[in-house]
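Enquirer: Protein chains in written order, with our numbering: chain A, 565 to 969; chain B, 33 to 441.
Hints are computed from structural coordinates only; laboratory data are not their basis. Source: prediction; values computed, not measured. Careful: at least some of the hints might be erroneous.
[To be verified] Below, in silico cross-link-like pairs of lysine-lysine (PhoX-like), each with a Cα-Cα straight-line distance of 20 angstroms or less:
| no. | chain 1 | residue 1 | chain 2 | residue 2 |
| --- | --- | --- | --- | --- |
| 1 | A | Lys798 | A | Lys766 |
| 2 | B | Lys77 | A | Lys765 |
| 3 | A | Lys635 | A | Lys575 |
| 4 | B | Lys291 | B | Lys233 |
| 5 | B | Lys382 | A | Lys914 |
| 6 | A | Lys897 | B | Lys382 |
| 7 | A | Lys766 | B | Lys77 |
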Amino acid sequence: MAAKTQTFKFKRTINAPPAEVYRAFTNSTALREWFCNAAMTDPHKGGRFYVWWNSGFYAAGEFTALEPSKKVAFTWQGRGEPGPTRVQVSLAAKNDGTVVTLAHGGVGTGKPWAKTIKEIEEGWAGSVENLQAVLETGMDLRFTRRPMLGISGGDELTPEIGARLGVPVVEGVRLDGVLDDMGAQAAGLQKDDVFIGLAGKKITGWTSLINVMQAHRAGDTIPVVFYRGKEKLKTAMTLSARPLPEVPPTPQELAEAVRRNYAELDAELAKCFAGVSEAEAGHHPAPGEWNTKENLAHLIVDERDRHAWIDELINGEERWYDGFAGSIQVRHKAMVSAYPSAPALLEELKRHEAETVALLAALPPEFVARKGSYWRLGHNLLQISRHTREHIGQIRATIEAARQP
Amino acid sequence: MPAKTQTLKFTRTITAPPAEVFRAFTHPTALRDWLCYAAQTDARKGGRLYLWWDDGYYADGVFTAFEPGKKLAFSWDGMGEPGPMRIQVSLAAKNGRTVVTLKHAGIGTGSKWADTRRAFERAWPMSLENLQSVLETGVDLRYARLPRLGIGVADFNAEIAAKLGVPVTQGIRLEITFEGTGARAAGLQKDDVLVKLGGKKAVDFPSLIRALEGRQAGDKVPVVFYRGSEKKTVSMELSRRPIPEVPATAAELAEAARKLYADRQADITKRLEGVTEAEAERKPAPNEWNLKELVAHFIACERDLQSWVAQMLNDREVGDSLEFRPNVTIRLGGIVARYPTLPALLEELKRADDESVALLAGLPPEFVARKHLYWRVALWITQVTPSHLPDEHGEQLRATLDAARQPSA
């Protein structure tokens, strides 16, 4: 039966060369910067195309046409969609920019297709807008428009944490604290409150929390359900805007900004460790908890993984991680065995930071021109201080504990 | 229209706990180690899975049942197949072993389904046999059964053809046949020029690989070759790949690594003996590494090895082709900026090596018991690491050094 099909068209002029727009549809790292949460592609004719989102939606297909800087076409079978469809993208250079025409064809008619049609219409309109933003400014609107709760970290609930807090649930997100002048504070939330519902959605962990955030904008007011100890409470909170760091436009300036941050952190660390004995540095606050040397090893590991990540970004082959899996005790132990004292670890940390700075200063212009990757890299590196300071706090507390009689 | 469908059923009993077998069907790294080339999964009921193979085939689906240690089911929509199907796996503990029952359901009838049905009838028994091998011994049969020809290859072109009196200009000229292999037993010798294998053209590396596709060690294939002007055909048995021995414990692996690293440090120190700092900084060509960057590459590789092992320890998925990337030059530049002299770089390499050894020594028993992961790390250390310097970078190092020592123009 030859069913009737329809085609949906989207057109946008983007101030970026056709080669970069082409890459945005074919390279897995570039695709995730504007379109999906992750992608696997094998960009040759007949090669596979798989994109997926944290929401659980995915689409699989094959490239059917690939003409660099001109044309990309692939088949598309989205999760739960009534049948396969096709996407064709044509690129035309115009002045210094590119006219992108995207046609999503082979879409059926009638009731079984209604939901898919709505998703195609809304999805592509938002996506091509974001494609333009990412290629022109580097900023991913899905991220920059995403509001903030104004909390300073937390944990996914585990039975142990639940028992410690006396909350009668096993799934949720525990707050570590609230940030000044943001929505969570204004709504009266505090440390150790446990979110179980936001905006009418059940909160079972970070993924569900992020999904809620992605569906809202700053200024929206949403209902919040949480536990404070065994008491279940409800309130409403207004979502805050995300303060966005300025990412310096040149790699040299970025390297310098990052270098200054490291210098401050290193000075704080040096102060922490002044006069600390090896015994104090090796003190475990509780069995299984890190001593100060393992904290330093963790910071070094982080720095190393950052080098590898930057390597991947430059290569356009970023790996996909299904969430943060934490650091490994045996790796920290190995590092502490190679750099056995706190001063040796501090030195090694500084060397790694200097490597990061040298790496940033040398970023090639063609990478900087890939604004989505450059902005993401800059944004990530300018956030390091927050994480390091959490560990500086732990280090201070551990040293104090070690000095208790 | 409710079409008639068929179900294929396979069972196999595996000496491994049900939890490990369950993991082998749901964890991306574990799936990749026996079934496919790489996998992505969101391992929960309603979560997605995507499996692909290096020949371009892929299948996507969604987990529709997910009971750890007991059963799972997922939909299967494979590339080029007439329609989606369903895979159901049930696991039953039996005397310390696990009985795996796999049903492949929803296969249609009629001619358009014939190829699909045949492909799965053939593939699942082999895959389940491999699942057993991987879980019980760590050995991936897809690799272990890759046939080995047992030949070393030399250049071949029109000039050499003329010299040997061979009437073709495309072919694979043998340099050597190895002791104990099918090639040796079939009487092949130096300067024979292969043109066909198993009825398929085999005149260069890509066509040879295609000719070997689907063949297993132990298969007998006809080989057509020239010996001088004479065209001959022999029947040759494809040899087995020697399965390397891997150290049985983390401590033994760490000790083996310690020795290999010590040898490598000695080797690299010897190769760089008398090299001046200026020589070590000269690039043979603008886009090529100088000697310092080459040493930095070894440092970066150790760090990547550590982070790769850490990912496995975390039970995290391990990337596919990205396992070990070529390092980008500016990353190496960052390392050189921090350890600016050759002695400083060699010192840092030693520290990086020491750290890898300490990490291997600390691998917990549960990791060693997960044989497919342990085997991968152990193979990397015992097979890949020793050849990295001499085979992959030895020639480069010599050439770079020669170029550095040329009087500059």
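Enquirer: Hints broken by the structure, by number, lowest first?
Expert: 4
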